[in-house]
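Enquirer: Protein chains in written order, with my numbering: chain A, 56 to 442; chain B, 56 to 442.
Simulated from the structure, these hints should not be mistaken for laboratory data.
It is possible that part of the hints are untrue.
For identical chains, the list gives no copy identity; a pair is met inside one copy or between any two copies.
[Said to hold, decoys possible] Below are the SDA-like pairs computed for lysine to any residue, each with C-alpha atoms no more than 20 angstroms apart in a straight line:
| hint | residue 1 | residue 2 |
| --- | --- | --- |
| 1 | K308 | L126 |
| 2 | K278 | M56 |
| 3 | K248 | E216 |
| 4 | K248 | R215 |
| 5 | K244 | K308 |
| 6 | K287 | G409 |
| 7 | K308 | G125 |
| 8 | K287 | V442 |
| 9 | K308 | F123 |
| 10 | K308 | G128 |
| 11 | K278 | V442 |
Number of protein chains: 2
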Amino acid sequence: MRDVVIAGINAIRVSEYWERSLRHLAHDAIMPALEEAGVARVDALVVGNTLAPLLAGQGHLGALIADFVGLRGVEAVHVDAGDASGAAAFRWGYMAVAGGLADVVVVVGVEQMSERSAEEVNEAHASVLDQEYEGIHGLTPNAVQALLMRRYMHEFDVPREAFAVFPITAHANAVGNPNAMFRRAISEKAYAKAGPVADPLNMFDVSPICDGAAAVVLCAADKMGELAKTDKPLVRVLASAVATDALAVHDRKDPLFLEAAYLSSHAAYTQAGLTPQDVDVFELHDSTSIMAALSLEACGFAARGQAIRLAQEGGIGRDGLIPISTMGGLKARGNPLGATGVYQIVEVVQQLRGEAGECQVPNARVGMAQNLGGTGATAVTHIFGRV
Amino acid sequence: MRDVVIAGINAIRVSEYWERSLRHLAHDAIMPALEEAGVARVDALVVGNTLAPLLAGQGHLGALIADFVGLRGVEAVHVDAGDASGAAAFRWGYMAVAGGLADVVVVVGVEQMSERSAEEVNEAHASVLDQEYEGIHGLTPNAVQALLMRRYMHEFDVPREAFAVFPITAHANAVGNPNAMFRRAISEKAYAKAGPVADPLNMFDVSPICDGAAAVVLCAADKMGELAKTDKPLVRVLASAVATDALAVHDRKDPLFLEAAYLSSHAAYTQAGLTPQDVDVFELHDSTSIMAALSLEACGFAARGQAIRLAQEGGIGRDGLIPISTMGGLKARGNPLGATGVYQIVEVVQQLRGEAGECQVPNARVGMAQNLGGTGATAVTHIFGRV
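Isolated chain A (complex conformation) (with noise of 0.2 angstroms):
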């Protein structure tokens, strides 16, 4: 297989875009990434998104995206898996590279939401749940996220006011990105009083309903020189990996243990030669405070139920163990779902590239992106290091 580098990213604030649609957010993201590549030809576009045939009646995205950023002719196809499309078809892009069948890609990740009522969307996205044991009882991924939270408070003994340290530092992360939805940082007390949304997760403790598209260039290493004009310092792909769980949550063994997210990122390590130790920023999924917890002990950072200590101690924060959300994440950037793990991809990537500004983590060479589908059904774990 040949090595992969990232050769252009960009992302467009996370927001509400009542004026635009799918394709012109797909295309927003996607020149300025082309641009900055500096690439002669691309061989195929990969799209990822979760709900554009739900709540948009539109299927057949690759076609749709690449005739109108000027691609007509290319190779180009939707990637769905769940909420983690966007990191799927990143994989995509990263199998047709690696194995030789392209030499230069880009992927875009887009999610259109806010055109709906929340009624409409929460009711769309149930579609990433098992809709005939799930959906079909009125569970949403709130709330069965919701139900996680529940257990876990009884089963590690956390209050939960615990989970509080989360979306703080979600919040004050995301102050410096901007193309952050939230740039306000919010407190202790702020947390206490919000609002239940599906108890006891509370309006701080989940993700926004938004809009947002964001984009990558993958190209073979061996070929940019020929291919790629860019003077950007390089990243490149040190491993793919997609495991999957039950669909259902009540079909697990353990609820509390995300074991795609352990395969793939076990996985992941292994492709790499790497440890949880060599993580320098670790993009997690935390579609709600509950399942960052999850994610940060089942990729090997916190044992079970000590992820909350762990954050409490100051280990998930710039300067700490394993920093998190770094640019805040999917409670604070935003989590337009089909567009999240190209998000974190980005972000990984300009973490390593030293060009996070406020938010960059002190010499960062090894950054993780690992995007769920459903409740952790689905786990794609990239890695990253720079050249």
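Chain A is already provided as a structure; the job is to place chain B on it using the hints.
Expert: Frame of chain A; chain B shown alone:
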């Protein structure tokens, strides 16, 4: 890149399965394919599907189906390219094995449409078109293809009745295929009397609303002895190519030329080092009679406006220049959208193995399958050869 061979295939009969849901249909396709392949392990599952989010509120099909067929934990994703999702999913499998990222991959195409009304299905199916320019005006895939047929009749001075040759051939072939939905021959008289669906398309020009699932097991050629125990004749993937065109037909320079079908078929010829003359069997995307004609022309089997003449002179029959729809095609085997591309591949493999029974094309050594999405906006072409 490594050589990739087909280790196992299976398809269920295309029909209406009121009592089975999507996951059951996928299971029924996958298990016998895995058994035939006799594989020791499966590294990944790829799902092709077009409408499950819209018709069943169910996305995230990779994790769902992986778990249900006993593959919990493996890499699993869903690939969407409109109606070309089945073949696009196969391309993920091919890339993973050819590139060395996986040794054994199972690809399943599955669609469950018959639980919903024809109105609901037609509205959902419009998601493969450009919603903002086509769907919004009430256009459906059949309606757009009717416009193309009308234009073709005008442009090449062809009467409506001349298209009869495509469904008559498809239905005659389907008689010998136990997996076909319609195992009945039809006559020119029946065609002439058939009621309109979207004028000038009549009932025999369009493919049915139906359910189906088909599966293919891919294996690295150099790992066959170690990882798969099958006594079936081996079939190798000689080429794999995807191309796109404008999603909306009005945006194309020439609506009667399927640019994506041209690009992907010719890229595939180049990869395989073959010409159209070398192809013994061509499973094309005859979602309507007009699409069969346009596919033959775009892929180099007939000059512009000459596909019907080719067909009328016996060119598309079992002993003709280029046998098409040899097991009934989309028209008579059935067109379970996201499954169709995998059915086509299963049928080509049956032909190359010499297992097509009454449908067997004598001495078939090279077969091509081409799956189209929307009005040909995505074309996925694969060429296979007997080892």
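Enquirer: Each hint should be assessed against the structure and marked as holding or not.
Expert: Comparing the hints with the structure gives:
1. K308 - L126: Intra 46 angstroms, inter 15 angstroms, cutoff 20 angstroms: inter-copy only.
2. K278 - M56: Cα proximity of K278 and M56: in one copy and across copies (14 angstroms, 17 angstroms).
3. K248 - E216: Result: close within a single copy only, 10 angstroms intra versus 73 angstroms inter.
4. K248 - R215: within (12 angstroms within a copy, 71 angstroms between copies)
5. K244 - K308: neither (36 angstroms within a copy, 61 angstroms between copies)
6. K287 - G409: within (10 angstroms within a copy, 55 angstroms between copies)
7. K308 - G125: between (48 angstroms within a copy, 15 angstroms between copies)
8. K287 - V442: This pair counts as within: shortest intra-copy Cα distance 11 angstroms, inter-copy 46 angstroms.
9. K308 - F123: between (45 angstroms within a copy, 15 angstroms between copies)
10. K308 - G128: So K308 and G128 pass the 20 angstroms test across copies only (13 angstroms; inside, 46 angstroms).
11. K278 - V442: within (15 angstroms within a copy, 33 angstroms between copies)
Figure legend: structure checked against the earlier numbered hints; the only hint not met is number 5.
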